[in-house]
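Asks: Each chain, written out:
Number of protein chains: 2
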Amino acid sequence: MDRHLPPAGRWQLAMRAQRMKPSSLRELLKVAERPDIISFAGGLPSPYALPVERLRAAADDILRHDATGALQYGPSEGYTPLREAIAERLSTGGTRINASQILVTTGSQQALDLVARVLIDPGSRVLVETPTYLGAVQALAQYEPAFEEVPTDAAGLLPDRLSDASMRSARLLYTQPNFQNPTGRTLSLERRIALVARVHDTGLLLVEDDPYGELVYSGHTPPSLLSMAPESVVHLGSFSKVIAPGLRVGYLVAPEELMVKLLQAKQASDLHTTGLTQRLAHALLTDGDYDSHLTAIRLRYRAQCALMLKCLAQYMPDGVAWTRPAGGMFLWVTLPEQIDSSHLFEDALKLGVAFIPGASFHAISPQANTLRLTFATATPTEIETGIARLADAIKARLRETAVCVAVP
Amino acid sequence: MDRHLPPAGRWQLAMRAQRMKPSSLRELLKVAERPDIISFAGGLPSPYALPVERLRAAADDILRHDATGALQYGPSEGYTPLREAIAERLSTGGTRINASQILVTTGSQQALDLVARVLIDPGSRVLVETPTYLGAVQALAQYEPAFEEVPTDAAGLLPDRLSDASMRSARLLYTQPNFQNPTGRTLSLERRIALVARVHDTGLLLVEDDPYGELVYSGHTPPSLLSMAPESVVHLGSFSKVIAPGLRVGYLVAPEELMVKLLQAKQASDLHTTGLTQRLAHALLTDGDYDSHLTAIRLRYRAQCALMLKCLAQYMPDGVAWTRPAGGMFLWVTLPEQIDSSHLFEDALKLGVAFIPGASFHAISPQANTLRLTFATATPTEIETGIARLADAIKARLRETAVCVAVP
Chain A
1 MDRHLPPAGR
11 WQLAMRAQRM
21 KPSSLRELLK
31 VAERPDIISF
41 AGGLPSPYAL
51 PVERLRAAAD
61 DILRHDATGA
71 LQYGPSEGYT
81 PLREAIAERL
91 STGGTRINAS
101 QILVTTGSQQ
111 ALDLVARVLI
121 DPGSRVLVET
131 PTYLGAVQAL
141 AQYEPAFEEV
151 PTDAAGLLPD
161 RLSDASMRSA
171 RLLYTQPNFQ
181 NPTGRTLSLE
191 RRIALVARVH
201 DTGLLLVEDD
211 PYGELVYSGH
221 TPPSLLSMAP
231 ESVVHLGSFS
241 KVIAPGLRVG
251 YLVAPEELMV
261 KLLQAKQASD
271 LHTTGLTQRL
281 AHALLTDGDY
291 DSHLTAIRLR
301 YRAQCALMLK
311 CLAQYMPDGV
321 AWTRPAGGMF
331 LWVTLPEQID
341 SSHLFEDALK
351 LGVAFIPGAS
361 FHAISPQANT
371 LRLTFATATP
381 TEIETGIARL
391 ADAIKARLRE
401 TAVCVAVP
Chain B
1 MDRHLPPAGR
11 WQLAMRAQRM
21 KPSSLRELLK
31 VAERPDIISF
41 AGGLPSPYAL
51 PVERLRAAAD
61 DILRHDATGA
71 LQYGPSEGYT
81 PLREAIAERL
91 STGGTRINAS
101 QILVTTGSQQ
111 ALDLVARVLI
121 DPGSRVLVET
131 PTYLGAVQAL
141 AQYEPAFEEV
151 PTDAAGLLPD
161 RLSDASMRSA
171 RLLYTQPNFQ
181 NPTGRTLSLE
191 RRIALVARVH
201 DTGLLLVEDD
211 PYGELVYSGH
221 TPPSLLSMAP
231 ESVVHLGSFS
241 KVIAPGLRVG
251 YLVAPEELMV
261 KLLQAKQASD
271 LHTTGLTQRL
281 AHALLTDGDY
291 DSHLTAIRLR
301 YRAQCALMLK
311 CLAQYMPDGV
321 AWTRPAGGMF
331 LWVTLPEQID
341 SSHLFEDALK
351 LGVAFIPGAS
361 FHAISPQANT
371 LRLTFATATP
381 TEIETGIARL
391 ADAIKARLRE
401 TAVCVAVP
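Line order of the protein sequences matches chains A and B. For the first sequence, the residue numbers in UniProt numbering are 1 to 408. For the second sequence, the residue numbers in UniProt numbering are 1 to 408.
Derived by calculation from the structure, the hints in this document are not laboratory data. This structure is a prediction, so every number in the text was calculated from the model and none was measured. Virtual Cβ for every residue (Gly too), placed ideally from N, Cα, C. Hints are supplied without guarantee of correctness; some may be wrong.
[To be verified] Derived coverage of chain B by chain A (criterion: at least 3 residues anywhere in the stretch with Cβ under 8 Å from a Cβ of chain A; other residues may be distant): (1) 91-102; (2) 175-188; (3) 299-307; (4) 341-350.
[Claimed, not checked] A few chain A residues that face chain B, going by a derived Cβ cut-off under 8 Å, partial list only: (5) Leu44; (6) Arg125; (7) Ala139; (8) Leu312; (9) Thr334; (10) Glu337; (11) Gln338.
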């Protein structure tokens, strides 16, 4: 019998997979990791902020005294003491969160995937801020929603730009209210109140993603949407920015009727999150030094943010604007309109500095003259050198476009 | 303004979530974990098989010498040395697997989820053995396929019971060829050859799930479907049964055209698998003692399996039959037709022993007079006591049904 080899490309993929596009950003981030490049691109915590010694001591302790717990199959909901510690930490002021409302996830990326899986059918309307977090768009897009962008300004998303019809028909609104990725902006208290009022009127579900809230530079963030409307919010949190991303431990808080479904989706996704890393997160969260650890990260990022802002003011030409974050890891630069930041990226790379072009952070309509910088990962010296290089690349582009414009 | 609280049950869920059913098995497994119960239910590795000391030493070493690697964000494909070590181990005889064909997943449960996500649209035909692995049905069912069951016998699935039409239209066939969960059966070499021949003719994609293949009691398993038809197979593997399930490290091997999509789905799911546990798996896999560690687990499970078979022969009444596995963790019991194993479960629990009713392991048509036992978790004493108790429960049921039948 003549057994022919099967031809390539012969499998019929799911519609959602046919629509998946190769991520140009992935390639771009790989380039940014070259050792000769100062990278303001990837949202990596500072390596100096990782509590290595304490994690090593905790791992040793866990594998001495709770090895079977850490290494055997565990409950899909997560490690109970960790869920209790998270609930305790989220219970502030008048808000009371119970451990039963917490589902531990494999990073908050998984929480986004689970929420999308449980709530989105092909064509479902989904509201997202613009610009918005790229990883959220990727997670949501897998379930083939119809995105609708919500405009933002310096005080975050604009609730009065949401139509009643959109709010009533959308499956969810995704927002990062604190030190948003990519802009570093914070949703103001007034806007939170206005948004929650409209949510109560329309029944919209809010997905509040808060990976950076603990990285506040001074004082407090405004109250969470969760605390303001617990019955209307799925709240996502993460230990990636405050302990270590490689642990892949995040969580979600959800109303009970959604939790039932989210838990089933979690179980089908990966049974449960790694027992060892859940216990590591729990050990650090409860060892009494957690708040001083957080303070050290906040001071580091505040200083690095202040330095980057100073350098931007010092080196950038006229016509370049940027945000002034009150916390988090990112700031957002708006260039003169004639500069496309994806072209600027190539120039900047030649000068040895990398960022992420702003077009990546939009579900529908990219804004080409924007870019995201992180000040968390680089050292102070690298920040100074890198911003000077970036300014040079922008100035060169401006000269070039000026020449082009001048030619009749 | 009168602000009414939102009513319960107001969110429109995705169709797939509306179809998710609460798992009765979850509740059942919780009961089985009571300390007064001898459990043959959950598929948990023996706690004595966990390489705790070696994992502790490896964790200490990793957090001393590669802490940033373990704790920072990592590549979605997985930790390169681990992918290389897996590829090396899968390359036997004439089969050559490259690291680029390996995607590390958060347990092989996630591999099932990713494969299903990339390949299944609502209504897509999906072929599964019957009985089959419950976790696979859960993962696949999320994407709303039309299941079609493939009959099996003592030598595994029956390729000549597959119609050409089914094989040409189905998105995939899911099978566990080695020491299948739940039956403990192995797909014979003859059947593998027949299946692969038909796959070459019809272009069907095989999903070969092999979490137990390393747990062979003596000699070797037949060649993998991957080695026989690398262009037509997605192969899933796991470290849950040979190192520790709590690490949540598994992998898949896929043809390049599928890998591109699986990688995008992986990235959207959880960015990457935990860096620390990937390094722990790599350390154990490559430290030179791995094969002797495997031998120790095989000997343990072989002895426990032999003991359970001996006890079954000693205690079970006539009319009860069971499989004789050549590896793995499970065996499959067929009861007299009048006994429904879900009712027997209640009786057995009162006598202090638990199993999983066989109905859980079918995508469509449950077979009520079957049950799954694992001999991996319990101690030898527990195996002896537990099987005697189970036999008592079965005998009592038989007496009861005999009486019922006798009444006119």
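Asks: Can you confirm whether chain A covers the region 299-307 of chain B, using C-beta to C-beta distances below 8 Å and requiring at least three such residues?
Replies: With 0 residues in contact (Cβ-Cβ under 8 Å with chain A), the coverage given for the region 299-307 of chain B is violated.
Asks: Measuring from the C-beta of Leu312/A to each C-beta in chain B, is the shortest one below 8 Å?
Replies: violated (25 Å)
Asks: Within the region 91-102 of chain B, is the number of residues with a Cβ closer than 8 Å to a Cβ of chain A three or more?
Replies: It is violated, with 0 qualifying residues against the three required.
Asks: So, as I understand it, the hint says Ala139/A touches chain B; can you test that by seeing if any CB pair is closer than 8 Å?
Replies: holds (5 Å)
Asks: Please check whether Arg125/A passes as an interface residue: C-beta within 8 Å of a C-beta belonging to chain B.
Replies: Since chain B brings no Cβ nearer than about 10 Å to Arg125/A, farther than 8 Å, the hint is violated.
Asks: Verify this for me: three or more residues of the region 341-350 of chain B with a beta carbon less than 8 Å from a beta carbon of chain A.
Replies: Result for this restraint: violated, n = 0.
Asks: Between the region 175-188 of chain B and chain A, see if three or more residues pass the 8 Å beta-carbon test, and mark the coverage as holds or violated.
Replies: Since 0 is below three, the answer is violated.
Asks: Grab the minimum C-beta distance from Glu337/A to chain B and call the hint holds if it beats 8 Å, violated otherwise.
Replies: Violated, about 32 Å.
Asks: Does the nearest C-beta of chain B fall within a distance shorter than 8 Å of the C-beta of Gln338/A?
Replies: Violated - the Cβ of Gln338/A stays beyond 8 Å from chain B, reaching only about 33 Å at its closest.
Asks: Under 8 Å, Cβ to Cβ, is where Thr334/A needs to be relative to chain B, so tell me if that hint holds or is violated.
Replies: Given a least distance of 27 Å, the restraint on Thr334/A is violated.
Asks: Holds or violated: is there a CB of chain B closer than 8 Å to the CB of Leu44/A?
Replies: Holds, about 6 Å.
In terms of the numbered hints stated before, the structure departs from hints 1, 2, 3, 4, 6, 8, 9, 10 and 11, listed from lowest to highest.
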